[in-house]
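**Q** Dock chain B against the given chain A, drawing on the hints supplied.
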Amino acid sequence: GAGVSQSPSNKVTEKGKDVELRCDPISGHTALYWYRQRLGQGLEFLIYFQGNSAPDKSGLPSDRFSAERTGESVSTLTIQRTQQEDSAVYLCASSLVTASPSEQYFGPGTRLTVT
Amino acid sequence: KNEVEQSPQNLTAQEGEFITINCSYSVGISALHWLQQHPGGGIVSLFMLSSGKKKHGRLIATINIQEKHSSLHITASHPRDSAVYICAVKGFGNEKLTFGTGTRLTIIP
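Residue numbers (the numbering used here), protein chains in the order written: chain A, 1 to 115; chain B, 1 to 109.
For reference, chain B alone in the conformation it holds in the complex:
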């Protein structure tokens, strides 16, 4: 079993829909990252959070440390949001990240 599990693996939605991507992890962490990877493109860091909730534009990330769970939400989704979204966690004592396998999101116009 992976230390970091994401769901769903694939998600297709209509433009404008509210999107939720989930991440569960099994180890104690000091931080959780949400990353975005466009087809053929590099990786962009969306959020780094240790507790609570962060918002940037149409993106919202939440984390529940007790439940070892994080969610990434996209409001008013747009075709340009189509990408792979990756959850990664950092343990204690080092900066090494452990990654989930990603969620492939496709937004249809």
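Next comes chain A alone, as it looks inside the complex:
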């Protein structure tokens, strides 16, 4: 079946603009994760959704960042008033959490460049 997909693959935006990044998880996967990878740095956890539970937002770097998920499907990550330090590859992953721990499947990422 199809893997995790993300759109757009690349996004260039001006500082101060809002952006929305989209993630389509693998069908049936109950858990969805957003990560960020800034140039030359490691991956950072941003937010995690699991079923109908309240999301774990502990990794969001500021209140300019928010994310939503519709049921167990699509998620959008929104960055308001973008700053240059937001430039990064934003990665989404999903997993089927029938038993913890579970394997995560990563999307190809969205490369965000803030000019």
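Just so you know, these hints were derived from the structure itself, not from any lab.
Only a predicted model underlies this, so the values are computations on that prediction, with no experimental measurement involved.
Hints are not guaranteed to be accurate.
[What the hints assert, rightly or not] Listed below are several chain A residues computed to face chain B (Cβ distance under 10 Å; list not exhaustive):
hint: 1; residue: Tyr48
hint: 2; residue: Leu91
hint: 3; residue: Gln104
hint: 4; residue: Gly107
Don't be surprised by glycine CBs; every beta carbon is placed ideally from N, CA and C.
**A** Here is chain B on its own, set in the frame of chain A:
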């Protein structure tokens, strides 16, 4: 100090060599993941392990929970193995991963 440390940061080897990448962590974990990231490409999960050893093709991953250490081995390395290898750990009570900074592996033909 990062919770997850990898070594070496960079590794260059000749085709055919046996490769070892190390990961040490400082927190209690429920699982450890090894991930592979190709240049310009996405991330692929290689292994998820909680104890012992796993093998897939030429790749072997081991973990020692008491010593808080894991190794990823590649036998008969090949230029297509060139990638960044990332160690990530999962704590208890949630599915959040904490990542190492990665090991950049280059295999020269």
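**Q** State for each hint whether it applies.
**A** Hint check results:
1. Tyr48: holds (6 Å)
2. Leu91: Check passed: Cβ of leucine 91 of chain A comes within 7 Å of chain B, closer than 10 Å.
3. Gln104: Holds - the Cβ of glutamine 104 of chain A comes within 10 Å of chain B, reaching about 6 Å at its closest.
4. Gly107: holds (7 Å)
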